[in-house]
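Colleague: Chains as they are written, first to last, in the numbering used here: chain A, 1 to 496; chain B, 1 to 307; chain C, 1 to 317; chain D, 1 to 317.
Think of the hints as simulated: they come from the structure by calculation, not from any bench. Any given hint could be a false lead.
Simulated restraints on C-beta separations [to be verified]:
#, chain 1, residue 1, chain 2, residue 2, range
1, D, L42, A, T21, 49 to 57 Å
2, A, E67, C, M92, 48 to 56 Å
3, B, N125, D, L42, 20 to 28 Å
Dumping the calculated SDA-like pairs for lysine to any residue here, alpha-carbon to alpha-carbon at most 20 Å [to be verified]:
#, chain 1, residue 1, chain 2, residue 2
4, B, K147, B, P183
5, A, K116, C, T182
6, A, K116, C, R183
7, B, K239, C, F35
8, B, K194, D, L242
9, B, K154, B, T237
Output of the computed footprint for chain B on chain D, the stretches with three or more beta carbons under 8 Å from beta carbons of chain B [unchecked claim]:
#, region
10, 38-44
11, 136-144
12, 235-246
13, 280-287
14, 291-298
All residues carry an ideal CB built from backbone N, CA and C; glycine is no exception.
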Amino acid sequence: MTALLSVRGIEKSFDRNRVLTGIDLDIAAGEVVALLGENGAGKSTFVNILSGALGRDAGRVVFAGAETVFSTTREAIDAGIIHIHQELSLIGSLSVMENLFIGDYRTGRSGIIDRKALAAASRPLLERVGAGHIDPRRTAGELSTAEQQLVEIAKALSRNARLLILDEPTASLTPHEAAALFAVVRELKSRGVAVIFISHRLEEVFQIADRVVVLRDGGVVSDRPVAATSREAIIADMTGRAFALGAMPPAIVPEGAPLRLAAEAIGDGAGIGPISFELRAGEILGVFGLVGAGRTELLEMLCGKRAIKSGAIRLASGAAPASPTAAWRSGLALLPEGRKTNGILPNLSVEENIVVARRQAGGGLVARGSERALADRLWRTLGIVAAGPGQPIRSLSGGNQQKALFARCLAADPSILLLDEPTHGVDVRTKGDIYRTVRDLAGEGLAVVFVSSELPEILALASTVMVLAHGRRTLYAPRAGLGENDVLSAAFVEAA
Amino acid sequence: AAEVPLPDAAKALGATVAAEGPSEKPLRLAVLSFQGSSFWEAADKGIAAATDYLKPLNTTVDYIQLGTGLTAETIVAGIDGALTKQYDGIATVPIFDGTVAKVNEAVAAGVPFVAFIADSAERSNRTVGMGQLAYDAGKTAGAFIAKQLGGKGKIAVITGYLGAAQHDARMNGALDYLKAEHPDITIVGPFECKDDDATAYSQATDAMTSNPDLSVIYVTAGGSEAAAKAVRDAGQTGKVGVVGYDDLPEKQQYKDGGEILALLDQAPGRQTFESLVMLHNILAFGKEYPADIPVAAPLALGKNAKP
Amino acid sequence: MEGRSVVRFLRTRREATVLAMLVIVFLGLTFASEFFLTGRNLSNVARQISVVGIVALGQALVIIAGGIDLSVGSVIGLAAVTAAMVSAATGMPSLGIVGAIAIGMAVGFLNGVLVTRIRINPFITTLGTLSIARGAALLATNGNPQRFDNWAAWLGYGRIGEVPVQFLLLVALTLVVAFFATRTRWGRNVYAVGDNARAARLAGIDVARTRIMVFTLSGSLAGLGGLLLGGMLTNSNPNLGLGYELDVIAAVILGGVALSGGRGSIGGVVIGAALMGLLRNAFVLLNVSGYWQTITIGLVVILAVGADSLNRRREDD
Amino acid sequence: MEGRSVVRFLRTRREATVLAMLVIVFLGLTFASEFFLTGRNLSNVARQISVVGIVALGQALVIIAGGIDLSVGSVIGLAAVTAAMVSAATGMPSLGIVGAIAIGMAVGFLNGVLVTRIRINPFITTLGTLSIARGAALLATNGNPQRFDNWAAWLGYGRIGEVPVQFLLLVALTLVVAFFATRTRWGRNVYAVGDNARAARLAGIDVARTRIMVFTLSGSLAGLGGLLLGGMLTNSNPNLGLGYELDVIAAVILGGVALSGGRGSIGGVVIGAALMGLLRNAFVLLNVSGYWQTITIGLVVILAVGADSLNRRREDD
Ligand SMILES: Nc1ncnc2c1ncn2[C@@H]1O[C@H](COP(=O)(O)OP(=O)(O)OP(=O)(O)O)[C@@H](O)[C@H]1O
Ligand SMILES: Nc1ncnc2c1ncn2[C@@H]1O[C@H](COP(=O)(O)OP(=O)(O)OP(=O)(O)O)[C@@H](O)[C@H]1O
Ligand SMILES: O[C@@H]1[C@@H](O)[C@@H](O)CO[C@H]1O
Ligand SMILES: [Mg+2]
Ligand SMILES: [Mg+2]
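Use the sequences and the hints to build the structure in full.
Modeller: Listed below in structure tokens is the structure:
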């Protein structure tokens, strides 16, 4: 079997930072290759080069028998290389159907759009990815993150893909939606499409991949059929040492711990609530739900970003915050969902991104020395990979950006930590680090609200579990004594 | 000393002041003026004529162009530059009150200073100020308008920049006179056109539409030919007439056509020429000129004007 | 459109607020001045709207694509004198038309190339060409207005019945540009590029070409605007269009185009231009004098956009 | 700074390109005109830079925070007449100073409130207040220039030795604003807000307050600018500052501030203003013809930013 894609000696540096030191890879038609590696290993950089989004410094790419140098993504798309990027790249102001056929909108040579035909061609694509409920004429910007991700995948189907690149496509999907995606991948595979699949969820790799390729230090360190590898082996390849996540002891809320926050039937008057719960020092409240269940909205109410229209919040440290500014001041720290739009200050340095929230509580003058020391310490603790603390955060890999945002929360010395999908795009090792950090902090008396779409994560970490469905609380119980099914069935409760 | 005969170019501009003869020591004069319209182009002609005329008389004229933006700061910066370059004499158009301090500084430093075309409203110590008295010119325009109307009727006023001293003075000179002497004349406006032809055109058109009894449009600065064009386009030639300033070539067709009743001319070329020659005479021969040389406001009449 | 969607339109679109404002001013003027609703006055208003409206069409596309074009005012002046001088030099008015539009197109293309190839910020690029184009117009004419009185000028001064030719051009161009923006591949790409240039590039859209295209279009329409303005006055002054950029941009934003790119409708832009034109007409009809005109324009601009903002709070930041 | 980091600075910062440009123009003028390097001329240049530079400091903060302030030119005029009229009415020049800065502060605060509370786009807001402030200045004075010749005016015309007081103010304010921008919490928040307002808010920054603060600062500095300009001319014309907004914004962007917000340095802004001032001085010293002045300004603006862009290709979009 000759390779559809054959890559030799790909190298890439950003300034003096050598990111890829010579990648070799072959992929056959109909093969699904999982590309793994720690945050900053160069996965996105590599696939960006394949799809013409980035130039390379050295190396050769042979695709479908021809040597190729794509200088624009258009050329790659025309050749059949379709890349779904790590960051969502829908055009918010265009309709869903225009996004599906972006660039030419099925206009052919006339250049004139036939809206009816476009809508008709869009529906089956949306159905295939399990998004048949989305009206193709809707504006893409109005869709939820998950819906956008589904449209993004449907977009790939609209094109005649020969090689499909999926860079962390499941990061914002629930297991249910991820399963729909895998069905699509299998269908494409059966039609001879090759797939490169990047993910930090190892269980997915075993579900879908034929081969596992691991990147480390800018090169390929292992390339094995999925049957010939194991979770442990992959982790060892990624981290360069034997590594085990190790089962953590179940978390328990300490007896008689002081109350930190109480939510009394709070609602936003727009479909979320009433929701009640209590949060004690040392407690980790894991909040689970399907996408759109209202978890983000709940956190927004807690941190003063979203107005509370009914019910009330009581804080041990004072009045309920009226704004995020007030929230941080009263000891609530928020790690928001959507690191690019809500999280990072892209052009500021990593250091500034880390200290920004803490600084608000300080005096008028910036204390450079202590800020640097703090950033340095957190930087090291969380193992952020970058050229230095002065590097603009936008040029860090996705996972490292996420770590910096986590560092921002820790820097503020909070008493309550609100985490919305904190492990989005974070590699296994760091996930472990974050879990341990959260546990340690809880041990020191911090109260944590941990929103996640990954059930194992909730179950491993939480001391109390809350499930939301359609904006309502459908389960609220101590972790001990809960099984996977209890949580899932609460998440799937039908709308009242 | 015998007067040096004026060249034809200067005579064509209407100049009468001649040089008293060559200067003993070489003289350097700076003239500062603006660009950007046919008015300033006409002023340039006088500068060019004076430059040629004075060169054999041992006087060099350097033309410092101030560009197209008429502001006090620009003039002040220009004068500052001229002082730095140690010219023997300076001529310019110090149209804003903000130039007074700088002009006084030049004179105090012993550099004779001649103002042409438009002086500041507040009086500076300039050696000579030649030009039309804008308020009086406005009054002349007002009297002319009253005569055209027979003391009764309606006029619309379109002014250049509100707050531009010269434009305001021309406006008020006419309006104060009309209000005092001819209360039966109704005044509409003023409307500010910012010297923009298209705006003046629209304002003239709208004024005619909303005032069917309109007889005169008085334009204090740029835009008189655009207003005339509006009259022509509205079919009001003979019924509505424009009174404005500056008899420039592009307006001839409307004088001939009857839309422009009269233009008050400032003879800009003559003024620049004479300013420079006076400076030469002052510096080379210690000649004295009156501190104020008013330039008459002759009316260049159009076809339909009542004399 | 059914009842429900009309309400939705009014609640959600900026152009609806401006349309409402326009209707209010229109009705107010109808009562306040007996001359307002005369054919003659409406025809004047239509003409006064036209040049700003036409130039705003191109500007809207540039802004939707995430740029800005400050050079339009100067291009108007440069194109006006080009039309006059080319007609006079060749004796062929048709070449005057071609010249005006071509010089606008050339400046626009240059803007596009500087922005996309040399990657100079559009504000700076067009601030630069604003100066250069004006300087060129002055240099070519030595500051003297150019007689422009031939059949090409008719496009600017002519009327068909009571309707100014300029206005017919505005209507036709609005339809064409609106169709272009909503129904053609290139038009949709303009929105995509303005909304998220990076995503657009990754989706295979030629971002640079799209941007060059909108700047070229904007320049060409400004060139046409200069031709019309010079024609209307049968006299091309190199200072024509001075300061128009701010009026044109105000019309575009009043009409609901987001300065941040990616959003806005072509119809709205013309409504914005109409509101500005109507106000200017009102000042003269109602004899609003001097200083109050300046203040009123400022208030209306803020009110029109402010009413809309209060109506629909933004979800972001 | 060691050698390596100097090179790095030159390669990576926009202000370095403009600084290089400034040095070239400076050297060129030294050779081209014997008068350039005289104390008197340098003192003139220093004074000519000052007002634009001071106003640009505030504008820079606004732009870094992701806004824009078009009203500064009009605020200059309004503050200038306020200074003169308040001094005259009260007989106390010190109150004139307070009045000028307070009126600028008030307009700036109004801008900030309209932008953050009513959520009107800054371009539109300040385009509106541009008109309103100018109208107010004209209304207050009836269009008449106001004599302004007292010790408050000395701030504008005075010199200490050869050095204009204005220039000393510029230097002092540059240091203060640069310190503010880089070393204080509020200053750093300005960058954060301009970079990503949403993220800044979620990180606990009071975005609205930050924006109101920068607009208020910009207004106050424009007010000071008006005081200085009126003082320098010992005469406050309500039209002072007309069109300054474009000059000021050009200086800011020349100095390396990104119009998209979040990036730029205060030092760069002053370099930008100095380059513009030096050019104007060159025109007078070298007798550059009027139309070429316009063209040259345009070319330099494009060149300065363009050279820099070619030097360092942007990685984004
Ligand atoms: N535009 C850029 N400029 C400078 N450095 C960059 C740029 N893009 C990526 N890098 C660096 O290249 C390295 C690899 O980044 P890349 O995004 O490829 O990692 P990744 O393997 O996809 O990680 P993740 O799992 O976190 O997405 C990182 O150290 C990152 O900081
Ligand atoms: N910008 C938006 N416009 C319209 N509806 C929105 C928008 N953002 C979210 N929604 C809707 O709000 C509801 C809840 O949003 P969201 O998806 O953030 O919930 P969630 O439980 O936090 O899920 P997740 O964080 O996993 O995406 C959904 O019905 C979603 O469609
Ligand atoms: O008439 C005026 C002149 O006096 C001068 O101000 C230039 O502009 C013209 O309109
Ligand atoms: Mg990645
Ligand atoms: Mg969420």
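Colleague: It remains to establish, for every hint, whether it holds in the given structure.
Modeller: To see whether the hints hold, each was checked on the structure:
1. The hinted window of 49 to 57 Å between D/L42 and A/T21 holds, with their beta carbons roughly 55 Å apart.
2. A/E67 and C/M92 have their C-beta atoms about 54 Å apart, which keeps the hinted 48 to 56 Å range intact.
3. The hint said 20 to 28 Å for the Cβ distance between B/N125 and D/L42, and at roughly 27 Å that hint holds.
4. Of the supplied pair hints, the one linking B/K147 and B/P183 holds, its CA atoms being roughly 14 Å apart against a limit of 20 Å.
5. Straight-line distance between C-alpha atoms of A/K116 and C/T182 comes to about 14 Å, which keeps the hinted pair within the 20 Å bound.
6. The hinted pair formed by A/K116 and C/R183 meets the criterion: a straight-line CA distance of about 12 Å does not exceed 20 Å.
7. Restraint check for B/K239 and C/F35: the C-alpha separation of about 19 Å stays at or below 20 Å, so the hint holds.
8. Distance check on the hinted pair: B/K194 and D/L242 sit about 12 Å apart at the alpha-carbon level, within 20 Å; holds.
9. Restraint check: the Cα-Cα separation between B/K154 and B/T237 comes to about 16 Å, which is no more than 20 Å; the hinted pair holds.
10. Coverage of the region 38-44 of chain D by chain B holds. Counting CB-CB distances below 8 Å, 4 residues qualify, and the rule asks for three or more.
11. For the region 136-144 of chain D, the proposed coverage by chain B is satisfied: 5 residues have a C-beta within less than 8 Å of a C-beta in that chain, meeting the threshold of three.
12. Coverage of a stretch by a chain is defined here by at least three residues with a beta carbon nearer than 8 Å to that chain's beta carbons; for the region 235-246 of chain D and chain B the count is 7, and the condition holds.
13. With 6 residues having a Cβ less than 8 Å from any Cβ of chain B, the region 280-287 of chain D passes the three-residue criterion, so the hint holds.
14. Beta-carbon proximity to chain B at under 8 Å applies to 3 residues in the region 291-298 of chain D; the threshold of 3 is reached and the given coverage holds.
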